[in-house]
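Protein sequences appear in the order of chains A and B.
The numbering of the first sequence is this note's numbering, which starts it at 4 and goes up by one.
The numbering of the second sequence is this note's numbering, which starts it at 4 and goes up by one.
All the pointers check out, no bait thrown in.
For identical chains, the list gives no copy identity; a pair is met inside one copy or between any two copies.
Derived lysine-lysine pairs resembling DSS-like cross-links, with alpha carbons at most 27 angstroms apart:
| # | residue 1 | residue 2 |
| --- | --- | --- |
| 1 | K214 | K173 |
| 2 | K27 | K214 |
| 3 | K214 | K131 |
| 4 | K7 | K27 |
| 5 | K27 | K173 |
| 6 | K214 | K26 |
None of these hints come from the bench; they were simulated from the model.
Number of protein chains: 2
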Amino acid sequence: MPPKRLSILGVGLLGGSLALAAKKFIKSCEIFGYAHRPETLEAARNAGMLDQGFDRPEPAVDGADLVVLCTPVSQLSPLLQRISGSLANGAIVTDVGSTKRSVVAAGESLLQGDRYFVGSHPMAGSEKRGLHFASADLFQGATCILTPTERTHAPALQKIEEFWRVLGMKTTRLSPPEHDQLLADISHLPHAVAAALVAMQSDRALSLSGKGFQDLTRIAAGDGGLWRDILLDNRDSVRQSIHGLRKELQQLENMLENTSSDELRQWLDRAAGRRRSMADRQGNG
Amino acid sequence: MPPKRLSILGVGLLGGSLALAAKKFIKSCEIFGYAHRPETLEAARNAGMLDQGFDRPEPAVDGADLVVLCTPVSQLSPLLQRISGSLANGAIVTDVGSTKRSVVAAGESLLQGDRYFVGSHPMAGSEKRGLHFASADLFQGATCILTPTERTHAPALQKIEEFWRVLGMKTTRLSPPEHDQLLADISHLPHAVAAALVAMQSDRALSLSGKGFQDLTRIAAGDGGLWRDILLDNRDSVRQSIHGLRKELQQLENMLENTSSDELRQWLDRAAGRRRSMADRQGNG
Chain A
4 MPPKRLSILG
14 VGLLGGSLAL
24 AAKKFIKSCE
34 IFGYAHRPET
44 LEAARNAGML
54 DQGFDRPEPA
64 VDGADLVVLC
74 TPVSQLSPLL
84 QRISGSLANG
94 AIVTDVGSTK
104 RSVVAAGESL
114 LQGDRYFVGS
124 HPMAGSEKRG
134 LHFASADLFQ
144 GATCILTPTE
154 RTHAPALQKI
164 EEFWRVLGMK
174 TTRLSPPEHD
184 QLLADISHLP
194 HAVAAALVAM
204 QSDRALSLSG
214 KGFQDLTRIA
224 AGDGGLWRDI
234 LLDNRDSVRQ
244 SIHGLRKELQ
254 QLENMLENTS
264 SDELRQWLDR
274 AAGRRRSMAD
284 RQGNG
Chain B
4 MPPKRLSILG
14 VGLLGGSLAL
24 AAKKFIKSCE
34 IFGYAHRPET
44 LEAARNAGML
54 DQGFDRPEPA
64 VDGADLVVLC
74 TPVSQLSPLL
84 QRISGSLANG
94 AIVTDVGSTK
104 RSVVAAGESL
114 LQGDRYFVGS
124 HPMAGSEKRG
134 LHFASADLFQ
144 GATCILTPTE
154 RTHAPALQKI
164 EEFWRVLGMK
174 TTRLSPPEHD
184 QLLADISHLP
194 HAVAAALVAM
204 QSDRALSLSG
214 KGFQDLTRIA
224 AGDGGLWRDI
234 LLDNRDSVRQ
244 SIHGLRKELQ
254 QLENMLENTS
264 SDELRQWLDR
274 AAGRRRSMAD
284 RQGNG
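Turn these sequences into a full structure, and let the hints guide you.
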C-alpha cells in the first residue's frame, strides 16, 4: 500500500525530487511539506510540489502515514525529537541521510508505541544542492539501501521498500554499521580525497588540469557544510577508510621505490579491469 | 612555417589524431608514419591518415623537417637512439610524452649537429587507447606544455609552439623538472589514487557505487602498461606528490579525531570553491 498522506521534512534537492516523484508515480497521495526557510517553502508551493506547506515540522506530520526526513544529516536527530509527539498512530518514519547509525539509533529510541522508524539511503543526488535542481526522475534506476536492525518492524520495512521501488529504485539491505563503513569507503573517503587532491595543488597546476582531473574532483564541489556533517557523523568509519587508502598508497610507494615493474602493472591492470566492468555493469561511463 | 614533411612515429590515439589534425589544419603537408604492428599500419593507411607508412622508424624520418614521437613513454629514448643517424639536416624532433625529464635529456644528448629536440606535452587524450578513437579535433582548445632548457634552440622552440597552435592548442612553457612535478601532482598521483580507491573496495561496495565514484575513478580504467611506464619514469616526483597527499589526509584525520567542525568546514569549502572556479574557468564541469 503506497502512502495516503506523505510528509516531507526538508525540501531541498532530495525532498523536492521526492515530492515530484510521489506526484508522478503515486496516485492520490496527499503531500505535506516542511521547510525551515520561508523562501524555500514559497518556491516549493509555487512549483506545485506540496498540497500543504508548513514552516514548522509538527503540523507537517499531522495525520501522515509516511514521514520522510530530508534535512542535512546533522539535523535528523533534533527533527525526530521535535516530531515524535505529533506522529499519527501507525506512522512510519524514514530518512534519506548518507549516514545511518546515528539516525537509526535516534529513531529507535525516540519513536514509541505504534510508530516505526526504518533507515533509508536512496543513493541519488549530485554535487548540486537545492530545490532548483529537483527532478521527479532523480531516483530512477538508482539503489536505495535500507538499514533494518533486529528492532525493526517487519511490515514497516516492507512498506518502505515498496515505496522506494514505486519511485523507480532498486532496494537492498545492510545493517547500519555495514552501511556506514561501506559508504565511508565508496563515498565519504572518495569525497574527502577529491577535496585533498584539490587542496594540494598550486594555482598553476589547477589552471593546467585536464578532463581526468576535472572528472576526478567533481564531487569536491559539493556543499562543504553538508559534507562536514557527514564526515563528522561517520568519523570512525571514515578513519578506517583512510587507513585502507594509506595501505594502498604505501604499497604504491614501495613498488615505485623498488621499481617493481610487473607488480605495479598488475596493481594498475586489476584496478582498470574492476573499473571497466563496473562501467559495463551500470551502463554508464 | 608549418612542416612540409611531418613524420609521426607511433600511430595510436595521439599519433593518429595528430595525423588527422595535420591533414585538416596544415596545407600541403606530407605525412610519413611509423607503426610497430602491421595491423596498426594497415589501419592508418586505410583511414587515409598517412601518405607513406613504414614498419621501421628510420625510413619514416627520411627528409622530414618535423618528427613527432608518439609512442609510450618507455619507448621514447630507444626510439631517439634508433632515428638519430637518419634525421635530415635541420630536422626538429619533439614528442607527446607525459613525462619530460628523461626524454629531454635523451633528446639533447642524442641529437647532434643541425638537429634539434624540443619536449612537448599536448594535454589531450582520454582513458581510451588506440587509433580507433583518433580525432582531428582532439587537440582543440587544450594546452600543450613545452619544456625548453638552456640548451634548447630558440627557433626550433618557436616552430614547435607554432605547430601546436596551428592544430588548435594553447601553449605554455615549463622546465622539464617543473613539468614533471606539476604533472605528478595534477595527473599521475590522481591516476594512482583513483586506482587505489578502486583497489580498496569490496565487490559489494563497487556494485553500490554511484555517479560520484564513477566520475572519480574513470581515469583508473586507462591502460595499465602505459601508466606503469609513466609512474616509474616519474617516480621521484610521484613520491613527492604522495607525500603531499599524505599531509592532507593527516590533517583530515586530525580534524576528525578532534571533531574540529569549523576547521573541517573551511577545508572542504576551500576545496569546493577552488573546484568550482576551475570548472567555471574551463567552461566545463
